[in-house]
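With my numbering, letter number 334 in the sequence shown gets 334, and the count goes up by one each step, no holes.
To be clear, the hints were calculated from the coordinates, so they are not data collected in a lab. Careful, some of the hints might be misleading.
When the alpha-carbon atoms are kept at most 20 Å apart in a straight line, the in silico SDA-like pairs for lysine to any residue are as follows [claimed, not checked]: (1) Lys210 <-> Arg190; (2) Lys70 <-> Asp321; (3) Lys158 <-> Ala87; (4) Lys83 <-> Gly159; (5) Lys229 <-> Arg190; (6) Lys70 <-> Pro258; (7) Lys236 <-> Pro218.
Label-pair distances were calculated between CB atoms; the ranges are [stated by the list, open to error]: (8) Lys177 <-> Lys229: 36 to 42 Å; (9) Tyr343 <-> Glu437: 21 to 27 Å; (10) Asp205 <-> Pro75: 35 to 41 Å; (11) Gly159 <-> Asn267: 36 to 42 Å; (12) Arg48 <-> Gly204: 34 to 40 Å; (13) Asp98 <-> Gly62: 27 to 33 Å.
Ideal placement from N, C-alpha and C gives every residue a C-beta, glycine not left out.
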Amino acid sequence: MKRSKNKLVGLLFVAILSFALLSPFVVAAPEPEEKVGVLLIGIGEPERYDADMYVGWKNFLGNYMDAGMKMMGMPFMSPIIKKALAADSGTLLVDRDDPLCLVEKEDPNLIDAWGRPYEGKDYRWVSKSLISVLGSIPMVGDMMPQFSYYLTPDGPGKGESDFWEYFNLSMYDLYQKMDNHDPGEERELRILDYTEAKLKEKYGDEIIIKRGFGAARPGFPDFRVSAEKLAKEGVKDLVLAEAYVTFSEFEHPAGEIPEYLEEKGLNVNIITSGQIGGTDAYNRGVAKKVEEELKKIPNERDVVVILNHHGMPCSNMVIYDWGCEPYHRYADITFEGAEKAIYDLNIVKNWDGKIDVWKAYTEMSEGSMDPDNKILSVREAADKAVKENYEYCIDVPYEVGNSGYETLFGLREEGWGLESPAWEEYYEDDLRKYRTEFEYDGMNVVITDGWIDGYAEGYYEQISKAIDGLL
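Throw the hints in and build the complete structure from the sequences for me.
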């Protein structure tokens, strides 16, 4: 037995020695190829008013707070603000038949912030609360409608901040006016689907694609978590691709990811693809939409085309100079590309009447937000057009045109002073679309739908350019 054991040890020694001597001549199995990770980043604007919507908008606004404080050099303020807004008095309710009512109803049809009906009787009327006082704060009051509500001490809101319930209840009226269908989700997913399919077709297994959203909720993963998963899958390079027409520092998820991954101890080379605005495909799409409208107008008429943006302040608030926000530069790039494409149209070159193209901001572009009048607001542009005797105005919501919140309400209500719902619905390209025609002080105005052919193609081109620089 001892001799057999010694023989076994000897054979093992010979095997090890042989492997050590011969291994340089043995072809080793190739290491797995290092792939490029691609993170498609969207807003994730919730389509319906329900419990998932509550989670999504809460996450989105929470990201806004964090990004805003960090941008102004005060990241420590974000948790302080959130703590200050953590007051909880129970479950907030509104009358689903009159959600913005300022007068108590005798027998209200109540609903909570998660979209669920309330059948109980243990509630009281709150005509004015601490949250309502927030409306006096500049910018906040514009973003959050002021309304009264009902309150019950128990229910799903117990343990939840009154602020978040109030914010989401403020959205209920908007969703009902949209027939509980915000077009943002459907349109964004179509763009992401198209882009992902084209990327897979071109690059195959050289890339790994995931999606991440600011309004994270079930089915719409948080952009930071998705980036972390890609990094843990071993990608050496990570392309962050925001599906935004115009970039900004304030709303810039890709800017938050490097620090997040570093905190997780993950090291990956990060590349951010360019914005969609200014790409040839997008410029052509905007020009095509303008051309469609010009064909309906007599050639000798004077026409102004307004390409409108979401907007950003131009004021210097000492702690942060909003005039230096990169958004303004990116908006110029977006506008200049589309403007040139419009002026290059044959129909424009051969137009007998006067025709001009202007850029306008929908929000945060008047009064103290723009003290030096550097930016035209939509209202200012409209008044200027009337004063200069333009007969027709074509308003193309080309930056955030897919957002129901920004375009159906922000543009029409705040920009043009219309009362919602102020649109006609129609179907085209398997999408529900929106159009508004009206007169503004004698000028014929059309607000086109915000879907731009070339949005997805421009997005794909920017991502493809980033990937090609890595492979």
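Now the hints, each set against the structure:
With a C-alpha separation of about 15 Å, the suggested pairing of lysine 210 with arginine 190 holds against the 20 Å cut-off. Of the pairs offered as hints, the one joining lysine 70 and aspartate 321 holds, with about 14 Å between alpha carbons and a cut-off of 20 Å not exceeded. Under the criterion of a C-alpha separation no larger than 20 Å, the hint pairing lysine 158 with alanine 87 is consistent with the structure, at around 10 Å. A hinted pair counts as satisfied when its Cα atoms are at most 20 Å apart, and lysine 83 with glycine 159 qualifies at roughly 13 Å.
Using a Cα cut-off of 20 Å, the hinted pair lysine 229 and arginine 190 is violated, with the two alpha carbons roughly 23 Å apart. At roughly 14 Å between alpha-carbon atoms, lysine 70 and proline 258 fall within 20 Å of each other, so this suggested pair holds. Taken as a hint, the lysine 236 and proline 218 pair is broken in the structure, with Cα atoms around 28 Å apart against an allowance of 20 Å. A C-beta distance of roughly 37 Å is found between lysine 177 and lysine 229, which places it inside the suggested range of 36 to 42 Å.
Judged by the Cβ atoms, the range 21 to 27 Å given for tyrosine 343 and glutamate 437 holds: they are separated by roughly 25 Å. Checked against the hint of 35 to 41 Å, the pair aspartate 205 and proline 75 passes, with Cβ atoms roughly 39 Å apart. In this structure the supplied range 36 to 42 Å holds for glycine 159 paired with asparagine 267, their Cβ-Cβ distance being about 39 Å. The beta-carbon spacing between arginine 48 and glycine 204, approximately 36 Å, falls within the hinted interval of 34 to 40 Å.
For aspartate 98 paired with glycine 62, a C-beta distance near 29 Å keeps the hint of 27 to 33 Å intact.
The structure does not agree with the numbered hints 5 and 7 stated previously, though it agrees with the rest.
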